[in-house]
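2 protein chains.
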Amino acid sequence: MKMINGGVCAAKGFKANGIHCGIRKSQTKRDLALIFSDVPASAAAVYTTNLVKGAPIAVTKEHIADGIAQALICNSGNANTCNANGIEIAEQMSQLAALKLGIGAEDVIVASTGVIGQPLDIEPIANGIDELADGLSCDGNDFAAEAIMTTDTKKKEVAVEFEIGGQTCHMGGMAKGSGMIHPNMATMLVFITTDAAISPKMLQKALSTDIQDTFNMTSVDGDTSTNDMVSIMANGLAGNEEITDDGESFAVFMKALNTITVHLCRMIAGDGEGATKLLECKVAGAKDIQTAKITAKSVICSSLVKAAMFGADANWGRILCAIGYSGADVDVNKVDVVFQSKAGEISVCENGASVDFSEEKAKQILLEDEIDILINLNDGDAQATAWGCDLTYDYVKINGDYRT
Amino acid sequence: MKMINGGVCAAKGFKANGIHCGIRKSQTKRDLALIFSDVPASAAAVYTTNLVKGAPIAVTKEHIADGIAQALICNSGNANTCNANGIEIAEQMSQLAALKLGIGAEDVIVASTGVIGQPLDIEPIANGIDELADGLSCDGNDFAAEAIMTTDTKKKEVAVEFEIGGQTCHMGGMAKGSGMIHPNMATMLVFITTDAAISPKMLQKALSTDIQDTFNMTSVDGDTSTNDMVSIMANGLAGNEEITDDGESFAVFMKALNTITVHLCRMIAGDGEGATKLLECKVAGAKDIQTAKITAKSVICSSLVKAAMFGADANWGRILCAIGYSGADVDVNKVDVVFQSKAGEISVCENGASVDFSEEKAKQILLEDEIDILINLNDGDAQATAWGCDLTYDYVKINGDYRT
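So the sequences go chain by chain: R and G. Going from the first sequence to the working numbering is simple: count from 1 and add 249. Going from the second sequence to the working numbering is simple: count from 1 and add 249.
To be clear, the hints were calculated from the coordinates, so they are not data collected in a lab. Please read all numbers here as calculations on a predicted model, not as lab measurements. Among the hints, a few may not be true.
The list treats identical chains as one, so a pair stands whether inside a single copy or across any two.
What the hints assert, rightly or not - Under the rule of at most 25 Å between Cα atoms (straight-line distance), these lysine-lysine pairs were calculated in the DSS-like manner:
id, residue 1, residue 2
1, K274, K610
2, K310, K583
3, K591, K610
4, K646, K274
5, K610, K646
6, K404, K591
7, K612, K274
8, K583, K531
9, K403, K251
10, K454, K310
11, K251, K404
12, K531, K610
13, K504, K454
14, K274, K403
15, K278, K349
16, K278, K404
17, K504, K404
Take the sequences, apply the hints, and build the full model.
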């Protein structure tokens with residue numbers, strides 16, 4: 250599994266672009282992205298579980314019901330959610346892209362992200378579609394990744410090269426996600442492309458399986474958003490024999506996908522709104538996977554743990570507290586907690602009770618920008634990882650006045 | 250139901266005191282509280298659901314298993330939780346109080362609040378017990394209320410006068426609670442006293458019923474703490490006929506209790522860590538109580554809603570979002586949302602979609618320090634209320650470096 254450049258354009262036959270069309274007031278911020286595959290691709294997606302769903306979710310679901318897509322259009326600055334004409338606008342976005350690209354509107358994935366409950370004007374998109382499509386290129390991935398950002402401070406892209414049956418394949422992805430990030434699909438937008446050949450059914454299986462341990466284990470603020478989706482298009486141009494069932498090739502594909510998704514999860518959590526630190530909580534020694542997952546997520550979601558990490562305060566009592574209210578069946582008297590970072594590691598709690606540790610060394614470890622919280626439940630062999638970030642002044646600042 | 254002064258000393262035969270004994274470094278902050286009833290009282294309590302439970306919880310449970318208590322001792326500055334000798338220390342606290350007061354240690358309710366996982370030294374308590382008990386008085390309620398505060402900025406006390414069977418009764422309470430406040434009992438300490446005569450069984454029933462709609466509907470930060478309890482002592486000195494079953498007298502008692510608890514809930518939420526605003530979310534038109542409760546709690550717990558309220562930003566989309574992921578079975582296309590405060594009220598969402606409203610007027614309403622979020626699900630007759638607060642810079646500041 251070799252890391253490469255190129256994001257969503259790393260795979261053969263995929264082009265992308267991103268422009269400023271005018272949905273956002275700022276002239277310098279791109280707000281409309283397009284991804285296009287030279288040939289129709291197998292397509293799969295997973296969606297937010299929020300009952301309030303953005304109109305693009307409904308339209309995309311319908312469009313890829315047949316497992317095929319060839320293009321993806323996404324705007325930022327407006328979520329096109331809770332608007333009376335939302336479905337109509339999302340359909341128009343698909344049609345504009347399809348018409349210009351010479352494909353069917355039902356082969357377009359459509360997504361929107363931004364503020365909820367403000368009508369989305371189709372005009373800037375209609376006016377911008379020529380520039381957007383004419384500018385499609387094999388190195389347009391950066392522009393596309395930029396165009397889907399909202400409160401993100403960093404573009405989020407990744408790509409890998411791998412082999413299936415002797416054929417070199419590529420997979421790349423981009424993500425948007427900073428606030429409203431919480432387990433349960435998805436509170437983020439992630440678009441993945443690959444030139445591997447795989448049937449729509451196996452593609453959906455790969456994605457639905459993978460997200461259980463990746464995007465569904467990532468939380469910034471506990472708010473499951475209304476618009477989020479992870480989609481993947483596989484156009485088969487790598488020339489491998491199409492993956493149609495479980496087996497070695499599928500396992501390699503899953504591994505590539507997991508490399509992409511874990512990378513994007515870490516980028517999303519580390520760039521959580523206002524975040525100064527990426528938190529990775531690894532729970533080991535659980536009696537089963539579910540216990541490990543519930544425990545890891547509870548710790549990563551605790552406002553008090555998050556605030557303590559911001560302050561580089563080794564307040565492990567809050568970690569035990571979060572384990573205790575998680576709902577998982579855990580013997581708290583067996584729990585060990587270790588903090589780890591580039592600066593070293595330190596044990597702060599053994600068997601559920603305090604151990605004597607150097608506050609100074611703990612502080613040094615917690616001042617790093619990537620912190621691992623290692624929890625051993627000493628009650629079995631199952632493990633799980635969850636990703637999150639610290640809670641900071643800037644989270645409050647960003648969300649105290651987002652719209653105005 | 251007449252509001253009166255006196256807090257936990259409002260009821261006949263209850264004395265209280267609070268001193269600085271030295272658990273906290275600050276010489277000016279009282280850290281040890283005592284409440285004493287002239288005669289043994291019926292006693293009931295509810296406790297945190299966190300698996301990690303403070304040692305005082307275990308000791309108190311045992312002590313009031315017989316439904317009788319006569320004194321309550323509580324320290325702040327240290328939670329006496331996750332310490333190897335926690336039970337021993339909590340027992341010693343009871344014994345010190347009992348010995349000095351001439352009662353049995355098994356009639357003492359014991360509680361601790363503060364940092365988790367640091368051994369609690371019994372010495373300052375042993376040294377302070379004489380001063381604490383000798384200073385008990387009928388107007389010591391303020392000192393006691395002060396002594397249980399941690400990050401609270403305000404003392405929380407309330408008392409009412411009411412009549413049962415022609416006899417004048419009194420009930421008063423004090424509370425501590427600012428961070429780690431979340432539904433499911435309890436993340437707070439609340440101590441209530443009354444001179445009404447009521448059997449232990451009916452007292453427990455009254456308390457267990459009441460908290461479902463009061464303390465279990467209050468959230469500051471989603472963290473269910475390890476130490477919290479609500480306890481009530483009823484010494485019968487008002488001279489009413491003892492309440493031993495349901496009926497009119499019990500109903501009056503319940504009403505008095507609810508007046509006390511709602512008042513304290515509002516004080517706790519309004520004084521949430523870093524809070525500048527009390528949020529009250531009233532959900533009406535739900536198909537059943539459970540739906541109303543789940544919806545109200547989800548809104549009050551959303552970090553994004555809380556941050557928007559801090560910024561006086563009428564970002565109602567976040568309210569719909571929180572309803573959508575609450576898990577309640579709600580038709581989001583029927584939901585209406587209104588903001589209300591002393592400055593007026595404004596409708597911001599009807600039938601799940603935006604309505605044209607004056608941002609200026611909305612801002613004016615949201616700049617007040619008590620905001621009502623009124624949600625109508627238009628799907629039935631059930632209703633529920635939840636209390637919370639805004640998310641502010643100061644929440645992060647307080648929790649980013651609490652211990653050091």
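The hints, checked one at a time:
For the homomeric pair K274 and K610, the shortest alpha-carbon distance between copies (24 Å) is at most 25 Å, but the shortest distance inside one copy (47 Å) is not. Taking the shortest Cα distances, K310 and K583 sit within 25 Å of each other only across copies (23 Å), while inside one copy they are farther apart (46 Å). With identical chains, the CA atoms of K591 and K610 are at most 25 Å apart within one copy only, with a shortest distance of 12 Å there and 51 Å across copies. In this assembly of identical chains, K646 and K274 lie within 25 Å of each other by CA distance solely inside one copy; the values are 20 Å within and 33 Å between copies.
Taking CA atoms no more than 25 Å apart as the test, K610 paired with K646 passes between copies only; the shortest distance there is 22 Å, against 31 Å inside one copy. In this assembly of identical chains, the alpha carbons of K404 and K591 lie at most 25 Å apart only when taken from the same copy (24 Å versus 44 Å across copies). In this homomeric assembly, K612 and K274 come within 25 Å of each other (Cα to Cα) only across copies, at 22 Å, whereas the closest approach inside a single copy is 42 Å. Taking identical chains as interchangeable, the C-alpha atoms of K583 and K531 lie at most 25 Å apart only when both belong to the same chain, with a minimum of 16 Å there against 42 Å between chains.
Within a single copy, K403 and K251 get their C-alpha atoms as close as 22 Å, which meets the 25 Å cut-off; across copies the closest is 58 Å, which misses it. Taking identical chains as interchangeable, the C-alpha atoms of K454 and K310 lie at most 25 Å apart only when both belong to the same chain, with a minimum of 16 Å there against 50 Å between chains. With identical chains, the CA atoms of K251 and K404 are at most 25 Å apart within one copy only, with a shortest distance of 20 Å there and 61 Å across copies. Taking the closest pair of Cα atoms, K531 and K610 come within 25 Å of each other only inside a single copy of the chain (21 Å); across copies the shortest separation is 48 Å, beyond that limit.
For the identical chains of this complex, K504 and K454 are intra-copy neighbours only, at 13 Å inside a copy versus 56 Å across copies, given an alpha-carbon limit of 25 Å. In this assembly of identical chains, K274 and K403 lie within 25 Å of each other by CA distance solely inside one copy; the values are 20 Å within and 44 Å between copies. Within a single copy, K278 and K349 get their C-alpha atoms as close as 23 Å, which meets the 25 Å cut-off; across copies the closest is 71 Å, which misses it. When the C-alpha separation of K278 and K404 is checked against a cutoff of 25 Å, the pair qualifies only within one copy, where the shortest distance is 12 Å, while the shortest distance between copies is 49 Å.
Taking CA atoms no more than 25 Å apart as the test, K504 paired with K404 passes inside one copy only; the shortest distance there is 23 Å, against 57 Å between copies.
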